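Each chain, written out:
There are 4 protein chains.
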Amino acid sequence: MKETTIIQLSKKLPKLKNPVALIGLPGIGNVGRLAVGYIASHLNAKKFAELYSPHFFNFVVIHENKIHMLRNEFYYWKNPKKRGRDFVFLVGDAQSSDAPGHYEVAGKIVEFLEKLGCKEIITIGGFGIGKISEDLKVYGVPADEEMKKKYKNCGIEFDVTGKVGTIIGAAGLIPGIARLKGIKSMALLGETPGFPIITDPTAAEAVIKVIEKMFDIKINLNQLHEKVEEMYEFVKRMEELQREAMEESRKKQPREELKYIG
Amino acid sequence: MKETTIIQLSKKLPKLKNPVALIGLPGIGNVGRLAVGYIASHLNAKKFAELYSPHFFNFVVIHENKIHMLRNEFYYWKNPKKRGRDFVFLVGDAQSSDAPGHYEVAGKIVEFLEKLGCKEIITIGGFGIGKISEDLKVYGVPADEEMKKKYKNCGIEFDVTGKVGTIIGAAGLIPGIARLKGIKSMALLGETPGFPIITDPTAAEAVIKVIEKMFDIKINLNQLHEKVEEMYEFVKRMEELQREAMEESRKKQPREELKYIG
Amino acid sequence: MKETTIIQLSKKLPKLKNPVALIGLPGIGNVGRLAVGYIASHLNAKKFAELYSPHFFNFVVIHENKIHMLRNEFYYWKNPKKRGRDFVFLVGDAQSSDAPGHYEVAGKIVEFLEKLGCKEIITIGGFGIGKISEDLKVYGVPADEEMKKKYKNCGIEFDVTGKVGTIIGAAGLIPGIARLKGIKSMALLGETPGFPIITDPTAAEAVIKVIEKMFDIKINLNQLHEKVEEMYEFVKRMEELQREAMEESRKKQPREELKYIG
Amino acid sequence: MKETTIIQLSKKLPKLKNPVALIGLPGIGNVGRLAVGYIASHLNAKKFAELYSPHFFNFVVIHENKIHMLRNEFYYWKNPKKRGRDFVFLVGDAQSSDAPGHYEVAGKIVEFLEKLGCKEIITIGGFGIGKISEDLKVYGVPADEEMKKKYKNCGIEFDVTGKVGTIIGAAGLIPGIARLKGIKSMALLGETPGFPIITDPTAAEAVIKVIEKMFDIKINLNQLHEKVEEMYEFVKRMEELQREAMEESRKKQPREELKYIG
Numbered sequence: 069m070k071e072t073t074i075i076q077l078s079k080k081l082p083k084l085k086n087p088v089a090l091i092g093l094p095g096i097g098n099v100g101r102l103a104v105g106y107i108a109s110h111l112n113a114k115k116f117a118e119l120y121s122p123h124f125f126n127f128v129v130i131h132e133n134k135i136h137m138l139r140n141e142f143y144y145w146k147n148p149k150k151r152g153r154d155f156v157f158l159v160g161d162a163q164s165s166d167a168p169g170h171y172e173v174a175g176k177i178v179e180f181l182e183k184l185g186c187k188e189i190i191t192i193g194g195f196g197i198g199k200i201s202e203d204l205k206v207y208g209v210p211a212d213e214e215m216k217k218k219y220k221n222c223g224i225e226f227d228v229t230g231k232v233g234t235i236i237g238a239a240g241l242i243p244g245i246a247r248l249k250g251i252k253s254m255a256l257l258g259e260t261p262g263f264p265i266i267t268d269p270t271a272a273e274a275v276i277k278v279i280e281k282m283f284d285i286k287i288n289l290n291q292l293h294e295k296v297e298e299m300y301e302f303v304k305r306m307e308e309l310q311r312e313a314m315e316e317s318r319k320k321q322p323r324e325e326l327k328y329i330g
Numbered sequence: 069m070k071e072t073t074i075i076q077l078s079k080k081l082p083k084l085k086n087p088v089a090l091i092g093l094p095g096i097g098n099v100g101r102l103a104v105g106y107i108a109s110h111l112n113a114k115k116f117a118e119l120y121s122p123h124f125f126n127f128v129v130i131h132e133n134k135i136h137m138l139r140n141e142f143y144y145w146k147n148p149k150k151r152g153r154d155f156v157f158l159v160g161d162a163q164s165s166d167a168p169g170h171y172e173v174a175g176k177i178v179e180f181l182e183k184l185g186c187k188e189i190i191t192i193g194g195f196g197i198g199k200i201s202e203d204l205k206v207y208g209v210p211a212d213e214e215m216k217k218k219y220k221n222c223g224i225e226f227d228v229t230g231k232v233g234t235i236i237g238a239a240g241l242i243p244g245i246a247r248l249k250g251i252k253s254m255a256l257l258g259e260t261p262g263f264p265i266i267t268d269p270t271a272a273e274a275v276i277k278v279i280e281k282m283f284d285i286k287i288n289l290n291q292l293h294e295k296v297e298e299m300y301e302f303v304k305r306m307e308e309l310q311r312e313a314m315e316e317s318r319k320k321q322p323r324e325e326l327k328y329i330g
Numbered sequence: 069m070k071e072t073t074i075i076q077l078s079k080k081l082p083k084l085k086n087p088v089a090l091i092g093l094p095g096i097g098n099v100g101r102l103a104v105g106y107i108a109s110h111l112n113a114k115k116f117a118e119l120y121s122p123h124f125f126n127f128v129v130i131h132e133n134k135i136h137m138l139r140n141e142f143y144y145w146k147n148p149k150k151r152g153r154d155f156v157f158l159v160g161d162a163q164s165s166d167a168p169g170h171y172e173v174a175g176k177i178v179e180f181l182e183k184l185g186c187k188e189i190i191t192i193g194g195f196g197i198g199k200i201s202e203d204l205k206v207y208g209v210p211a212d213e214e215m216k217k218k219y220k221n222c223g224i225e226f227d228v229t230g231k232v233g234t235i236i237g238a239a240g241l242i243p244g245i246a247r248l249k250g251i252k253s254m255a256l257l258g259e260t261p262g263f264p265i266i267t268d269p270t271a272a273e274a275v276i277k278v279i280e281k282m283f284d285i286k287i288n289l290n291q292l293h294e295k296v297e298e299m300y301e302f303v304k305r306m307e308e309l310q311r312e313a314m315e316e317s318r319k320k321q322p323r324e325e326l327k328y329i330g
Numbered sequence: 069m070k071e072t073t074i075i076q077l078s079k080k081l082p083k084l085k086n087p088v089a090l091i092g093l094p095g096i097g098n099v100g101r102l103a104v105g106y107i108a109s110h111l112n113a114k115k116f117a118e119l120y121s122p123h124f125f126n127f128v129v130i131h132e133n134k135i136h137m138l139r140n141e142f143y144y145w146k147n148p149k150k151r152g153r154d155f156v157f158l159v160g161d162a163q164s165s166d167a168p169g170h171y172e173v174a175g176k177i178v179e180f181l182e183k184l185g186c187k188e189i190i191t192i193g194g195f196g197i198g199k200i201s202e203d204l205k206v207y208g209v210p211a212d213e214e215m216k217k218k219y220k221n222c223g224i225e226f227d228v229t230g231k232v233g234t235i236i237g238a239a240g241l242i243p244g245i246a247r248l249k250g251i252k253s254m255a256l257l258g259e260t261p262g263f264p265i266i267t268d269p270t271a272a273e274a275v276i277k278v279i280e281k282m283f284d285i286k287i288n289l290n291q292l293h294e295k296v297e298e299m300y301e302f303v304k305r306m307e308e309l310q311r312e313a314m315e316e317s318r319k320k321q322p323r324e325e326l327k328y329i330g
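Protein chains in written order, with my numbering: chain A, 69 to 330; chain B, 69 to 330; chain C, 69 to 330; chain D, 69 to 330.
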């Protein structure tokens with residue numbers, strides 16, 4: 069596996085009605101992964117493709133006594149409302165582990181969403197504020213001016229002057245690349261304390277409320293706080309593994325230096 | 069050499085009967101390399117292909133006064149029993165030295181084994197428990213549920229809850245990629261103290277006993293402990309070299325920093 | 069996006085008269101980016117292409133509340149003088165973040181300039197002297213002997229013995245690669261204190277004066293010092309971001325070590 | 069420039085009689101570069117091709133007030149003796165700065181030498197012994213048994229048991245890859261104190277004497293010690309630059325960390 073690869077679970081791609089893509093990958097507070105994962109699960113969205121990449125970490129995770137290869141997963145949901153829009157969800161347990169890989173993975177995702185007919189892509193991420201706050205804002209950073217007008221009454225703070233400076237990884241690069249292909253795109257960033265490896269359901273809730281308004285859908289949030297533990301056992305497991313991996317890697321470092329013999 | 073390359077020693081690939089692949093590459097305790105190497109040598113398996121990769125370390129090893137390029141080697145063994153299965157063995161002295169390379173090498177291996185008709189792939193590795201133990205378990209982590217049923221009476225511990233969290237490198241990625249191609253696969257991990265660069269014949273023995281049961285073959289283990297030294301002179305040599313390389317690389321580090329000028 | 073990509077803003081490339089390319093990318097004192105950006109802006113040059121690369125940093129910048137993907141931008145200017153030469157300007161907010169990427173990006177740039185008919189390429193950079201000086205020299209380091217004769221009366225110091233030893237990144241590699249394709253090329257390096265992330269308009273001014281003489285054009289420099297702040301708000305923003313990113317990356321380092329699990 | 073590239077200086081390749089290739093690239097004591105460079109210069113060999121690689125350092129060197137891109141250079145020499153063998157020399161000022169690049173560059177070199185009809189390739193390197201010695205040995209490490217017989221009476225020590233453990237970079241990988249293509253190959257390693265960045269003419273002399281015997285050629289060594297300084301002004305310059313680059317890179321390290329934002 070030399071390149072990022074998307075594997076379709078059935079030959080035909082789903083036919084979608086004016087679809088919008090919501091993307092939630094791991095990051096600060098795991099806001100995106102949690103929010104998009106919850107929406108997809110709540111709406112009973114159907115998985116139809118998986119993305120694998122040589123730029124993900126070079127280990128597999130053991131989940132329920134089986135090998136789980138790091139991946140991103142594509143789901144679709146057909147909106148039962150006559151004029152409602154269909155959705156594509158992308159959730160996953162990995163981003164690229166090197167800089168050029170971020171561009172490769174983001175490019176593959178945008179290409180695939182374009183093929184699915186998505187004219188709009190929203191990435192979800194966290195914005196670390198370094199403290200615990202009561203009133204959590206959701207910032208919107210569009211790649212196109214138009215998004216600002218379209219979603220101006222949805223509780224999104226579009227003025228990020230002096231707040232967000234950069235967006236690292238997929239949440240920023242996917243809208244950047246989407247714009248180059250004429251696809252409207254925006255990053256939605258939920259405020260979160262930003263302690264790196266703690267999943268933050270409160271920030272995810274704030275983002276989901278914004279998404280409800282943006283697309284006129286209804287998500288039952290009762291289960292988010294209650295079920296976050298059982299639902300995201302896997303997410304928590306990943307958190308632990310990341311911590312362990314960190315310590316492992318520190319202990320192993322002398323061995324790792326072998327790489328630098330060059 | 070820009071890509072991982074498999075060189076066949078003769079034009080035609082061997083014709084194999086319902087073959088299963090056993091893979092043992094360097095890792096914790098060198099359990100996999102030792103176990104698979106011993107079985108292949110004991111059964112007098114025949115080498116038929118070699119794998120080279122730009123992702124292996126950028127040095128060659130001097131062995132018996134000659135240049136030995138780092139490689140993985142494919143062997144086959146034709147089972148004389150009428151209904152016995154044939155085997156492909158993969159042993160080697162290197163894994164990728166960078167993360168994307170692990171995916172590239174694992175992908176090439178799975179592709180080649182698929183071409184050989186392998187419907188089942190077992191990777192062998194070590195599971196570091198950080199202490200010396202009398203009763204060494206062998207854990208099985210399948211990529212497919214099915215393997216668990218098929219090999220339930222072979223002394224494999226399939227419940228790894230709270231034990232193994234991740235499998236680093238080829239032992240995990242090969243089953244992960246094999247599953248994507250519909251090939252049944254599993255990692256067999258032998259408990260070993262896990263001091264990184266010490267080859268552990270006791271763990272290898274435990275794994276070989278499991279393999280005997282899984283495939284109804286008989287391996288004379290008398291020679292494993294006795295001959296481990298002379299047989300694995302090369303393996304031991306590699307251990308030393310890795311240690312030296314480590315120290316070299318530490319001493320050289322200032323020079324290596326040249327890389328970072330960017 | 070797996071490769072460095074140049075996106076033309078309109079299908080047809082501009083037809084240019086004996087064009088010369090001036091290249092100013094970020095570097096010591098941001099001398100090149102400032103000088104070339106100022107000239108392009110002053111002459112009202114027209115943007116006609118953008119370059120993106122997976123070798124740029126894996127983040128996007130927020131500028132005026134929108135996502136700004138790191139890029140290099142091509143501008144052209146048609147010289148109104150009958151015998152005057154047309155210009156291509158390349159300015160940008162990023163260079164490659166890894167060594168092989170520098171060669172890839174520089175190669176793409178030279179190829180594109182060749183397609184545009186450029187027979188001469190001048191890269192602009194800074195030369196850090198480690199102190200503040202009154203009389204700022206501008207050094208010229210040609211890839212071809214010829215350039216020295218052609219521009220001998222333009223206030224360029226061509227004798228760099230004991231001064232410049234290497235030129236890192238695009239400012240050196242572009243002339244190097246241009247020479248291989250028979251395109252005349254030279255690096256112009258303006259003396260600057262060289263404190264890494266401080267944009268130096270004084271050095272840029274010295275370089276612009278040289279360029280005026282080289283190509284018989286007139287740039288009103290009154291606005292350079294006055295307007296450097298408002299014009300280069302973005303540049304300054306980038307400076308801050310780089311500083312923040314540095315500190316972020318330091319704080320995050322334990323997490324980053326995940327990369328080294330290998 | 070995305071790949072290692074060999075540029076021929078004229079369209080036709082030289083027609084050579086039973087040619088042998090001698091390869092001297094930078095390394096411990098610069099033994100190979102000095103020895104092969106001296107022989108090529110002494111025999112008045114003719115340059116006919118240059119190799120460039122994105123895996124070389126991402127800077128250019130200023131030499132004689134001009135930009136010098138890092139490169140390897142191919143020379144040929146037609147032996148005037150009726151039965152004498154022609155030679156290809158490869159000398160250069162760079163090796164790959166990353167591990168996979170070493171394989172790519174070595175692969176390109178072997179391919180090109182194969183095209184030139186070389187049936188034999190000798191790489192020259194240094195073997196650091198950590199002390200100053202009077203009687204400098206020259207070790208031979210063949211990739212093929214045959215070389216040992218062929219050159220047994222040339223003052224080469226073929227027994228390296230307990231001495232050399234690994235050969236890092238081109239000097240080892242080129243013979244390794246050559247063997248895969250059926251080209252006879254060997255590394256000749258001259259003993260040298262091994263202080264990394266000091267060129268060692270004494271070790272080079274010992275190696276040249278061996279080469280004289282191997283191929284029945286005569287090299288006037290009078291000039292090696294006398295002229296090493298003026299001849300290798302450039303080599304010395306590179307040494308200094310490497311030292312400076314090291315220190316630069318150390319000072320710059322905080323900035324370099326930007327790379328690790330990922």
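Rather than coming from a laboratory, the hints here were simulated on the basis of the structure. Quick caveat, the model's predicted, so the values are computed rather than measured. There's no promise every hint is true.
Pairs count within a copy or across copies, as identical chains cannot be separated in the list.
In the EDC-like style, the derived pairs of lysine to aspartate or glutamate whose C-alpha atoms are separated by at most 16 Å in a straight line are [what the hints assert, rightly or not]: (1) 70 <-> 166; (2) 176 <-> 214; (3) 286 <-> 182; (4) 134 <-> 227; (5) 149 <-> 280; (6) 70 <-> 179; (7) 205 <-> 132; (8) 85 <-> 213; (9) 80 <-> 132; (10) 134 <-> 225; (11) 217 <-> 141; (12) 134 <-> 214; (13) 80 <-> 118; (14) 199 <-> 280; (15) 134 <-> 212; (16) 286 <-> 214; (17) 176 <-> 71; (18) 199 <-> 132; (19) 281 <-> 213; (20) 231 <-> 132; (21) 220 <-> 202; (22) 134 <-> 213; (23) 83 <-> 71; (24) 70 <-> 212; (25) 216 <-> 132; (26) 249 <-> 284.
Taking the hints in turn, this is what the structure says about them:
1. Both within a single protomer and between protomers do residue 70 and residue 166 lie at most 16 Å apart by alpha-carbon distance, with minima of 14 Å and 13 Å respectively.
2. Proximity of residue 176 and residue 214 under a CA criterion of 16 Å is satisfied in neither setting, with 24 Å inside one chain copy and 32 Å between copies.
3. For the identical chains of this complex, residue 286 and residue 182 are neighbours neither inside a copy (26 Å) nor across copies (47 Å), given an alpha-carbon limit of 16 Å.
4. For the identical chains of this complex, residue 134 and residue 227 are inter-copy neighbours only, at 9 Å across copies versus 46 Å inside a copy, given an alpha-carbon limit of 16 Å.
5. In this assembly of identical chains, residue 149 and residue 280 lie within 16 Å of each other by CA distance solely inside one copy; the values are 14 Å within and 60 Å between copies.
6. Taking the closest pair of Cα atoms, residue 70 and residue 179 come within 16 Å of each other only across two copies (12 Å); inside a single copy the shortest separation is 18 Å, beyond that limit.
7. Within a single copy, residue 205 and residue 132 get their C-alpha atoms no closer than 36 Å, and across copies no closer than 19 Å, so neither meets the 16 Å cut-off.
8. Proximity of residue 85 and residue 213 under a CA criterion of 16 Å is satisfied in neither setting, with 24 Å inside one chain copy and 37 Å between copies.
9. For the homomeric pair residue 80 and residue 132, neither the shortest alpha-carbon distance inside one copy (30 Å) nor that between copies (41 Å) is at most 16 Å.
10. Taking identical chains as interchangeable, the C-alpha atoms of residue 134 and residue 225 lie at most 16 Å apart only when they sit on different chains, with a minimum of 12 Å there against 43 Å within one chain.
11. For a Cα distance limit of 16 Å, the shortest separation of residue 217 from residue 141 qualifies neither inside one copy, at 31 Å, nor across copies, at 28 Å.
12. With identical chains, the CA atoms of residue 134 and residue 214 are at most 16 Å apart between copies only, with a shortest distance of 11 Å across copies and 46 Å within one.
13. In this assembly of identical chains, residue 80 and residue 118 lie within 16 Å of each other by CA distance solely inside one copy; the values are 14 Å within and 35 Å between copies.
14. Within a single copy, residue 199 and residue 280 get their C-alpha atoms no closer than 26 Å, and across copies no closer than 53 Å, so neither meets the 16 Å cut-off.
15. Taking the closest pair of Cα atoms, residue 134 and residue 212 come within 16 Å of each other only across two copies (7 Å); inside a single copy the shortest separation is 43 Å, beyond that limit.
16. For the homomeric pair residue 286 and residue 214, neither the shortest alpha-carbon distance inside one copy (24 Å) nor that between copies (40 Å) is at most 16 Å.
17. In this assembly of identical chains, residue 176 and residue 71 lie within 16 Å of each other by CA distance both inside one copy and across copies; the values are 10 Å within and 12 Å between.
18. In this assembly of identical chains, residue 199 and residue 132 lie within 16 Å of each other by CA distance neither inside one copy nor across copies; the values are 35 Å within and 26 Å between.
19. For the homomeric pair residue 281 and residue 213, neither the shortest alpha-carbon distance inside one copy (19 Å) nor that between copies (42 Å) is at most 16 Å.
20. For a Cα distance limit of 16 Å, the shortest separation of residue 231 from residue 132 across copies, 12 Å, qualifies, whereas the shortest one inside one copy, 41 Å, does not.
21. When the C-alpha separation of residue 220 and residue 202 is checked against a cutoff of 16 Å, the pair qualifies neither within a copy, at 23 Å, nor between copies, at 53 Å.
22. When the C-alpha separation of residue 134 and residue 213 is checked against a cutoff of 16 Å, the pair qualifies only between copies, where the shortest distance is 8 Å, while the shortest distance within a copy is 46 Å.
23. In the homo-oligomer, the alpha carbons of residue 83 and residue 71 never lie at most 16 Å apart, since the shortest distance is 27 Å inside one protomer and 31 Å across protomers.
24. Taking CA atoms no more than 16 Å apart as the test, residue 70 paired with residue 212 passes in neither setting, with 33 Å inside one copy and 24 Å between copies.
25. Only between protomers do residue 216 and residue 132 lie at most 16 Å apart by alpha-carbon distance; the minimum there is 12 Å, versus 43 Å within a single protomer.
26. Taking the closest pair of Cα atoms, residue 249 and residue 284 never come within 16 Å of each other, the shortest separation being 26 Å inside a single copy and 40 Å across copies.
Consistency note: the structure conflicts with the earlier hints numbered 2, 3, 7, 8, 9, 11, 14, 16, 18, 19, 21, 23, 24, 26.
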